[in-house]
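The task is simple: from the sequences and hints, build the whole structure.
From first to last, the protein sequence lines stand for chains A and B. So the first sequence is numbered by the working numbering: it starts at 1 and just counts up by one. So the second sequence is numbered by the working numbering: it starts at 1001 and just counts up by one.
Warning: the hint list may mix true and false statements.
DSSO-like, lysine-lysine: derived pairs with alpha carbons at most 30 Å apart [claimed, not checked]:
| id | chain 1 | residue 1 | chain 2 | residue 2 |
| --- | --- | --- | --- | --- |
| 1 | B | 1533 | A | 62 |
| 2 | B | 1022 | A | 533 |
| 3 | A | 334 | B | 1022 |
| 4 | B | 1334 | A | 359 |
Derived list of chain A stretches under chain B, where covered just means 3 residues or more per stretch with a C-beta under 8 Å from a C-beta of chain B [to be verified]:
| id | stretch |
| --- | --- |
| 5 | 265–277 |
| 6 | 333–343 |
| 7 | 362–373 |
| 8 | 518–526 |
| 9 | 529–536 |
To be clear, the hints were calculated from the coordinates, so they are not data collected in a lab. Even for Gly, the Cβ is constructed at its ideal location relative to N, Cα and C.
Number of protein chains: 2
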Amino acid sequence: MLKIALAQINLLVGGISVNQKKIIETAQRARDELAADIVIFPELTITGYPPEDLLLRPDFIKQANQAVLAIAQAVQGIDIVLGYPESANNYLYNSAAVLRDGSIFKHYRKNALPNFGVFDEQRYFHAGAEPCLFSVKNTVIALTICEDIWQQGLIEKNKQQGADIIVTLNASPFHAGKIHLREDIVCQQAKKAEVALVYVNTVGGQDELIFDGASFVVNTQGEVVFRAEEFAEQMSVVEFNHNMPTHNTCSPLYNEISSEYKALVLGVRDYVHKNGFKGALLGLSGGIDSALVLAIAVDALGADHVEAVLMPSKYTQDMSNEDAILEAEALGIKHHVIAIEPAVTAFNGMLADLFAGAKTDSTEENIQARCRGVLLMAISNKQGKLLLTTGNKSEMSVGYATLYGDMAGGFAPIKDVPKLLVYQLAEYRNTISAVIPQRVITRPPSAELAPDQVDEDSLPAYSILDPILEMYVEQDKSAEDILAAGYQLADINRALSLVDRNEYKRRQAPPGIRITPRAFGRDRRYPITSGYKGSQ
Amino acid sequence: MLKIALAQINLLVGGISVNQKKIIETAQRARDELAADIVIFPELTITGYPPEDLLLRPDFIKQANQAVLAIAQAVQGIDIVLGYPESANNYLYNSAAVLRDGSIFKHYRKNALPNFGVFDEQRYFHAGAEPCLFSVKNTVIALTICEDIWQQGLIEKNKQQGADIIVTLNASPFHAGKIHLREDIVCQQAKKAEVALVYVNTVGGQDELIFDGASFVVNTQGEVVFRAEEFAEQMSVVEFNHNMPTHNTCSPLYNEISSEYKALVLGVRDYVHKNGFKGALLGLSGGIDSALVLAIAVDALGADHVEAVLMPSKYTQDMSNEDAILEAEALGIKHHVIAIEPAVTAFNGMLADLFAGAKTDSTEENIQARCRGVLLMAISNKQGKLLLTTGNKSEMSVGYATLYGDMAGGFAPIKDVPKLLVYQLAEYRNTISAVIPQRVITRPPSAELAPDQVDEDSLPAYSILDPILEMYVEQDKSAEDILAAGYQLADINRALSLVDRNEYKRRQAPPGIRITPRAFGRDRRYPITSGYKGSQ
Chain A
1 MLKIALAQIN LLVGGISVNQ KKIIETAQRA RDELAADIVI FPELTITGYP PEDLLLRPDF
61 IKQANQAVLA IAQAVQGIDI VLGYPESANN YLYNSAAVLR DGSIFKHYRK NALPNFGVFD
121 EQRYFHAGAE PCLFSVKNTV IALTICEDIW QQGLIEKNKQ QGADIIVTLN ASPFHAGKIH
181 LREDIVCQQA KKAEVALVYV NTVGGQDELI FDGASFVVNT QGEVVFRAEE FAEQMSVVEF
241 NHNMPTHNTC SPLYNEISSE YKALVLGVRD YVHKNGFKGA LLGLSGGIDS ALVLAIAVDA
301 LGADHVEAVL MPSKYTQDMS NEDAILEAEA LGIKHHVIAI EPAVTAFNGM LADLFAGAKT
361 DSTEENIQAR CRGVLLMAIS NKQGKLLLTT GNKSEMSVGY ATLYGDMAGG FAPIKDVPKL
421 LVYQLAEYRN TISAVIPQRV ITRPPSAELA PDQVDEDSLP AYSILDPILE MYVEQDKSAE
481 DILAAGYQLA DINRALSLVD RNEYKRRQAP PGIRITPRAF GRDRRYPITS GYKGSQ
Chain B
1001 MLKIALAQIN LLVGGISVNQ KKIIETAQRA RDELAADIVI FPELTITGYP PEDLLLRPDF
1061 IKQANQAVLA IAQAVQGIDI VLGYPESANN YLYNSAAVLR DGSIFKHYRK NALPNFGVFD
1121 EQRYFHAGAE PCLFSVKNTV IALTICEDIW QQGLIEKNKQ QGADIIVTLN ASPFHAGKIH
1181 LREDIVCQQA KKAEVALVYV NTVGGQDELI FDGASFVVNT QGEVVFRAEE FAEQMSVVEF
1241 NHNMPTHNTC SPLYNEISSE YKALVLGVRD YVHKNGFKGA LLGLSGGIDS ALVLAIAVDA
1301 LGADHVEAVL MPSKYTQDMS NEDAILEAEA LGIKHHVIAI EPAVTAFNGM LADLFAGAKT
1361 DSTEENIQAR CRGVLLMAIS NKQGKLLLTT GNKSEMSVGY ATLYGDMAGG FAPIKDVPKL
1421 LVYQLAEYRN TISAVIPQRV ITRPPSAELA PDQVDEDSLP AYSILDPILE MYVEQDKSAE
1481 DILAAGYQLA DINRALSLVD RNEYKRRQAP PGIRITPRAF GRDRRYPITS GYKGSQ
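Structural data, given as structure tokens:
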């Protein structure tokens, strides 16, 4: 029997020595506690994924290559398969090494280098062209890395060369529904080539990306016979009788809404912890967005590490303050109340001469939002807690947010969550325990920056806006396409022109967690200066 | 005689219909006023460069391809060579078309697609593999696009196929010294292959990039015999007797310091105008950075379109206000004085309970900077003027700036200018006319956020800091390398650790003008969450 360990671990991008230590401990556990013959780590294990332009630093590459040798020396008596940026022949490769008996026994260089969406691998790496097969206990293993197995032909080529089991090292980022896409493609490929396949994914949050784990094993019939947990580290061992996995234990898949929620929680937890913050704080308005972000933050960090600040103005309704306090109490977190009027009054006075005779406009609304930004940043600076922003994807799309105001903060948990999904996630969170007051979910959304203001004064209803935005931003549909899908031209033009003209705001927004196939971030790179107009 | 027109024009990224109109007018001028046989436009003429992810939109590509046909129809009686994103065989190519007699007569698909530095062409384009040669007045012209001619072999291959003249369409971005590098490589290639070469570059600012024009013609001996102006639009015609250019009129090259200054002026002018702002404003502190930015802004936009705001605090020295006013008066711009004390006092009062017992730290300094940010943004919002930030590259590197404070603004003209170069540029500007008071240049730099504060309290002297930063940020040198270059370990560690830990600030900074080989922007892509430590 061949025992393959799947090391689904959470790595620190750039943290070579931290990762080295973790890899050594994990490999020792696989050998000593699980009696594995071989342990498989995720793609670019040594550096974490994606290391971005750190890969251009010679000192970084040198350290990474030294770490591989150090690991080979440190852990013997088990084959270790790990990923690293391999420096050879004046090229850099995205490689996997097989460590055996203290040295690099084999290496594989990734053939297919993705350079689309969130990926920039052709910026850094040279493509390999050779397969890599080796034997463990008379079973032939072939190595592949992530994008390789999304391509047609590579698995069959390995099978023809004698592979019994395909092993694949991955850093496959999450978005809603991705896991089905991923398993479907891999299972079809395994079935077609009649090979077993061991898929090891990394897990954790890295700036805007979430890696969801859910490593799995597929038998030669293309069936998933093992699946590790989603959104958590897990060390597992799967036994093979030649190319036949001998057991069948699959962690059930979460449904879409709960997987999105778990991704958001993991994203906040990893961003706060990996960046060394003491906790998080946020402005709690009594509205749905900050209510959801607060619940996520508490689930990620624990109530003791989260604080909320209520910053009412004369436009804040009593129910907003009441509901904010109800949620803070339900979650057991510390909260503060600081009315913004003194600062707003000061600014309006300081600007009175200059603005004399000018009409009141969004300038005055922005001053309120920015006074809140100054207060929250002061508390963040003083306490060493990360300020979370609370804007959602619908707002980010149309620029319904104030730069340096409610957009001030280090991390934007729900930046990629459209408003309608914000409601669904809030309802979902309340099914675990009722922490978000029902009135927060049912009242009409408002920025409360002017008397009796509601979002629908300036924007189409979210039930209309959100699908338009999804078609335009995520699917690259034109106004014509969206019209053909049954929406009104006025709504389309309003939405599209707002998206077009707010790129400058998004460029200065904090990073947030990607949960859709296209977030505002690495995978949507638009010019600010642009004559393109999507509206008609 | 063959008359080739070089159309060095300024395009609007994404503005297909604006660009189409300009191309038609320019081609008509080349035909009617210059009697040219053929007119050459820059790379991706139709869309401007770089269009980034607009290239993923099917509607955008369709419009671009339709525009090429419309231009062919609109202007006949002259060959037109222009660049466009060609959609064919389910691929997108970075192509050049030769328009003749109302239709596309020939097309060339760029062979070498750069995917490094500021370039991401493999994200969008499929590489062509074929040459493209055609005859005009019995002279054989071969087409190439930008990166193609930086590669060895392609020019010679075209020569072997019979090319008399190589024509190359470019969008080659500026950095200091780039023009020498560019001309040297191209001249060597032309000389080696014994062909003449016509190099047409675009000109203008596009977000952080500056295209510097300076189109040129090289004879078969590898000599530059014609050069268009740097940093300005120019239509020129060069006559050829077969492959021999018949005249020799080269605009002189600017020296490095004046080319940097001109790049900054062009960058500000194009960002403000192309984005439709009514002008610009900035906070004028009496320090060197804002003094330089003000001069650049006035040179870019004219005194009538620039306003300065003085926002003194109790830490502001009298000479700061005096010098700021002196410069405003020398440049003939409107200025306002708004003391920040009322807002600072309001915030400190609002936070007094929460901060009771806590030590004074950078929080209080940040509050002052953020009060200035709120004031400037309010004026920007009310007047429709773009707020310019005044931070330099040294500060951006080490995070010596306040997010949402002095970093608030839409565009950062000197973001890529190291502090020592700020002084040189100020001295240079004063040689044109003395507008920056001498005391601004000679006094020790200070943020004036605490009593008697000077930059060197918290940072190594700029004469030490700047070279360390250049080695670390632009050249990817390690601490060990920098130590070997003769710097002190304490200074190195201080600088490198500040660079490492301030990526989060840079990510939220406004875009600025790239003038070095590596700016903080498209060409330096670092993770925020990172375990990498450059310090020792």
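Hints, one by one, checked against the model:
For the given pair, residue 1533 of chain B sits about 14 Å from residue 62 of chain A by alpha-carbon distance, which is consistent with the 30 Å threshold. With a C-alpha separation of about 18 Å, the suggested pair residue 1022 of chain B and residue 533 of chain A falls inside the 30 Å cut-off, and the hint holds. Taking the CA atoms of residue 334 of chain A and residue 1022 of chain B, the gap is about 61 Å. The hint is violated against a cut of 30 Å. Pair hint residue 1334 of chain B plus residue 359 of chain A holds up; C-alpha atoms about 21 Å apart against a cutoff of 30 Å.
Under a criterion of three residues with beta carbons nearer than 8 Å to beta carbons of chain B, the stated coverage of the stretch 265–277 of chain A is upheld, 4 such residues being counted. With a threshold of 8 Å between beta carbons, the proposed coverage of the stretch 333–343 of chain A by chain B holds, since 6 of its residues qualify and at least three are required. Figure legend: the stretch 362–373 of chain A, annotated as covered by chain B; annotation consistent (7 residues with Cβ-Cβ distances under 8 Å, at least 3 required). Chain B is given as covering the stretch 518–526 of chain A, and this holds because 3 residues of the stretch bring a CB closer than 8 Å to a CB of that chain, at least three being needed.
Check result for the stretch 529–536 of chain A against chain B: holds, 5 residues qualifying (beta carbon to beta carbon below 8 Å, three or more required).
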